[in-house]
Every structure is written in C-alpha cells, then in structure tokens.
Amino acid sequence: MRSTGAVRVMTVGVVAAALGWSGAATAGATPPAGGGVTVTNDDYALAALPSAEVPGMTVFLDVFAPEDRAPFADLEVFVAGYECVTGEEDNIPATVRTLTFASTAGTLPLACSSPTGPDVSGTAVVEGVVWDGEGPLRFEVIPPGPGVRCLLSVIAREAAVTGTVQVTIPELRIDAEATGERGELRHVTGICPPARG
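Counting with mature numbering (1 follows the signal peptide of the UniProt record, and there is no 0), you get residues -27 to -1, 1 to 170 for the letters of the sequence shown.
Be careful, since some hints might not be right.
Taking CB as the label site, the calculated pair distances span [to be verified]:
1) Gly120 to Pro82: 32 to 38 angstroms
2) Glu56 to Val127: 24 to 30 angstroms
3) Thr68 to Arg146: 32 to 38 angstroms
Derived from the structure by calculation, the hints contain no laboratory data. Built from N, CA and C at the ideal position, the CB exists for glycine as well.
Given only the sequences and the hints, what does the whole structure look like? Please build it.
In structure tokens form, the structure reads like this:
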C-alpha cells in the first residue's frame, strides 16, 4: 500500500499536468508564487447498510475527512416510504487513514419525511462501524465542467465493512439493526486554477 504522502504527490502531479501547471506540488504546499493555484486533499468512507429485520430499509453512512476540520460522519435512512436525515450541525466523530481504514461510532438524531405521511423523528446509533481497505486502487480524473472550475482526481478502494447501525423511529414502529459487508474508501484531490477576473 502506498503511503499517504506518495498517493498525494502522485495524484497532484497527474491533475496538475492536466491543468498545464508544470510546478511540483504536495498536499498543503504553497502554489507557485503568483500562480494562485489551490490544491485540496479530502478523504471519504462510504457504505450502504441494509436491514435483514425490515425489508427495504437501508442506511447510507458516510465519513468525511476534509483538510480544514476533524473527520466526522453522518447518515441517511430510507425506510417505509420515509427519508430520514441528520441536521446540518449533527454529526459524530470519525477516524480516517487514507485509503486504508476508517471508523465511526455515536448517536445521531433523525428527522424523517414522506410525501404521503406526517413528519416523524427518531435516532440512529452507530455501533463501531469500521472500513478496512482491501484490493487494488482505482483511479479517475474528472475534468472541469459547466459551473465547476476545479479538476478532480479520485482514488478509490473497496473496503470490508463491519459494525451496525440501530435505527429507532417510534412513530413508525421501527427498531431495527442495519449491517453491511462492503463499502468504499476514497481520496479526492482537487486542483483549482486561479479565479478569472
């Protein structure tokens, strides 16, 4: 497995070349004087956890590790025609090692809505969910598009996922466990050229 530094140097080199920037860069390095190039490196862990107890219930659990704050996780639940989300300020702490490992645990409030039913609330207890990276790395470069001036390089790796999420929504008579087996770890490098005047 490549080290975090090696992954970042390689990724930045690829996307910088695609942007026509010939200077070398590493994560957190200052762009060339007067260049105005911005480089970011963010890590993610993603998993979909179905429930064997309630057919059709799925928990989508995401871990985020941006450069400018500590890693955190939140989730979304689909069950019984409802979509349940966490609040904008609601999240739980997480741990991430680039393309190798991630983990999270904690309790999140849920606000649930449905096109055909009243709004309800509940909780999701994340019980030691862990991602262990395995297998080869996959690479994708996403060029800038309409309204997006940054070029993105995505490195992804499959992960074995263990742990559970206990979802409780009293008004829907839901008290069920969701578990998963497979997930994904991602490292995303963004290189943004100087903003045009």
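Item to check | Verdict for Glu56, Val127 (Cβ pair) under range 24 to 30 angstroms | outcome: 26 angstroms, holds
Checklist entry - Has the hinted range 32 to 38 angstroms been met by the Cβ atoms of Thr68 and Arg146? => result Cβ of Thr68 to Cβ of Arg146: about 34 angstroms, so the range 32 to 38 angstroms holds.
Item to check | Beta-carbon spacing of Gly120 to Pro82 - inside the hinted bounds 32 to 38 angstroms or not | outcome: About 33 angstroms separates the Cβ atoms of Gly120 and Pro82, which means 32 to 38 angstroms holds.
Going through the hint list in order, the structure satisfies each hint without exception.
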